[in-house]
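S.K.: As a plain string of letters, each chain reads:
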Amino acid sequence: MKITLNGAARDLTGPTVQDALAEIGLGAAKVATALNGAFLPAAARPATTLKDGDALEVVAPMQGG
Amino acid sequence: MPVFYGTEVASPLMLGTAQYPSPAIMAEAFRAARAGIATVSLRREGGEGQDFHRLIKELGIPVLPNTAGCHSVREAVTTAQMARELFETPWIKLEVIRDDDTLCPDVIALVEAARLLSEDGFQVFPYCTEDLSVCGRLLDAGCQVLMPWGAPIGSGRGLNNPYGLRSLRAHFPDVPLVVDAGIGLPSHAAQAMELGYDAVLLNTAVAKAGDPVAMARAMALAIEAGQLAHGANPIEARDMAAPSTPLFGMAVLA
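Here the protein sequences line up with chains A and B, keeping their order.
Under our numbering, think of the first position of the first sequence as 1, with each following residue one higher.
Under our numbering, think of the first position of the second sequence as 1001, with each following residue one higher.
Extracted from the complex, chain A is given alone in its bound form (with noise of 0.2 Å):
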């Protein structure tokens, strides 16, 4: 499906946001998601299917003040 993944068009085979991070080799990373604008705890990727359209945003731990 097409999805926006960290602002960038993408074209995954998913179908699960899981999937989705394996895919693009974050599958076992230290990463939190959060699914058109809303957090999606780790626990819950295996189960959240992606559709056409979705925005998923990935993050990992940066520098920060």
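Since the hints were made in silico from the structure, they are not lab data.
One or more of the hints may lead you astray.
Claimed, not checked - As a list, the in silico DSS-like pairs of lysine-lysine whose alpha-carbon atoms are at most 30 Å apart:
1. Lys30(A) - Lys1208(B)
2. Lys30(A) - Lys2(A)
3. Lys30(A) - Lys51(A)
4. Lys1208(B) - Lys1057(B)
5. Lys51(A) - Lys2(A)
6. Lys30(A) - Lys1057(B)
Just so it is clear, the structure is predicted and the values come from calculations on it, not from any experiment.
Dock chain B against chain A, hints included.
M.R.: Just chain B, lined up with the frame of chain A:
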């Protein structure tokens, strides 16, 4: 040492992790500062996040994730939720920005976000102004610590409103207070501690100094000096001189 939400931290110096010349210099600056807390953020994973997470864990001190860059309640709440899962802490440095030139907090949205997050079990560290009414509202919303700005983030101007910060300290004698942002020099940090603040949060002043490690140590020493001075009950300033050397017994020579 400051106590935030029941957790005593090892130092009143809270240090940011951004803008250092290298990860190694950042780690060395943290050791030189003996910082009590490290602030961090969340950003889109571009490949560096995993290494950075390891580096932060190696510092061995509590982590305070922020919501830097958020301009709305919704953004800030979602960011906080992601940070809680990623860093496994209920602590959140809550920033909701109104103006990009000054990075002035949107205090109305800040209070609303603080209320929602407190109700959801977060322990909120709000980046706020020194306004008494706003700070009162933040406490009503569930905050048990306040972090008024000294000056705009990254400006290095020091304490723009010492009167307001002193007034806030007097108004909330039992609430942990942190001067967050605007520190440029060790003397600014010392001044905050002399006012009776519990801690100082800074980043740019150390990270962008020519020698971040030396500046980190200088900040730590200044904060310790300011804290000792506050506890030592300083004298009141006065307009006229008061001779320190006794006049009694002075020889008559004129």
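S.K.: Quick one, are Lys1208(B) and Lys1057(B) close enough, alpha carbons at most 30 Å?
M.R.: Between Lys1208(B) and Lys1057(B) the Cα gap is close to 23 Å, so the pair holds against 30 Å.
S.K.: Does Lys2(A) lie within 30 Å of Lys51(A) when you go C-alpha to C-alpha?
M.R.: Holds. Lys51(A) to Lys2(A) sits at ~8 Å (cutoff 30 Å).
S.K.: Below or equal to 30 Å on CA atoms is what counts here, so check Lys30(A) against Lys51(A).
M.R.: holds (24 Å)
S.K.: Hinted pair, alpha-carbon criterion (30 Å max): Lys30(A), Lys2(A). Please report holds or violated.
M.R.: Distance of about 24 Å is within 30 Å: holds.
S.K.: For the pair supplied as a hint, Lys30(A) and Lys1057(B), is the alpha-carbon distance within the 30 Å limit?
M.R.: holds (13 Å)
S.K.: When you check the alpha-carbon spacing of Lys30(A) and Lys1208(B), does it fall within 30 Å?
M.R.: Roughly 29 Å between the alpha carbons, so the hint for Lys30(A) and Lys1208(B) holds.
In summary, this structure violates none of the numbered hints.
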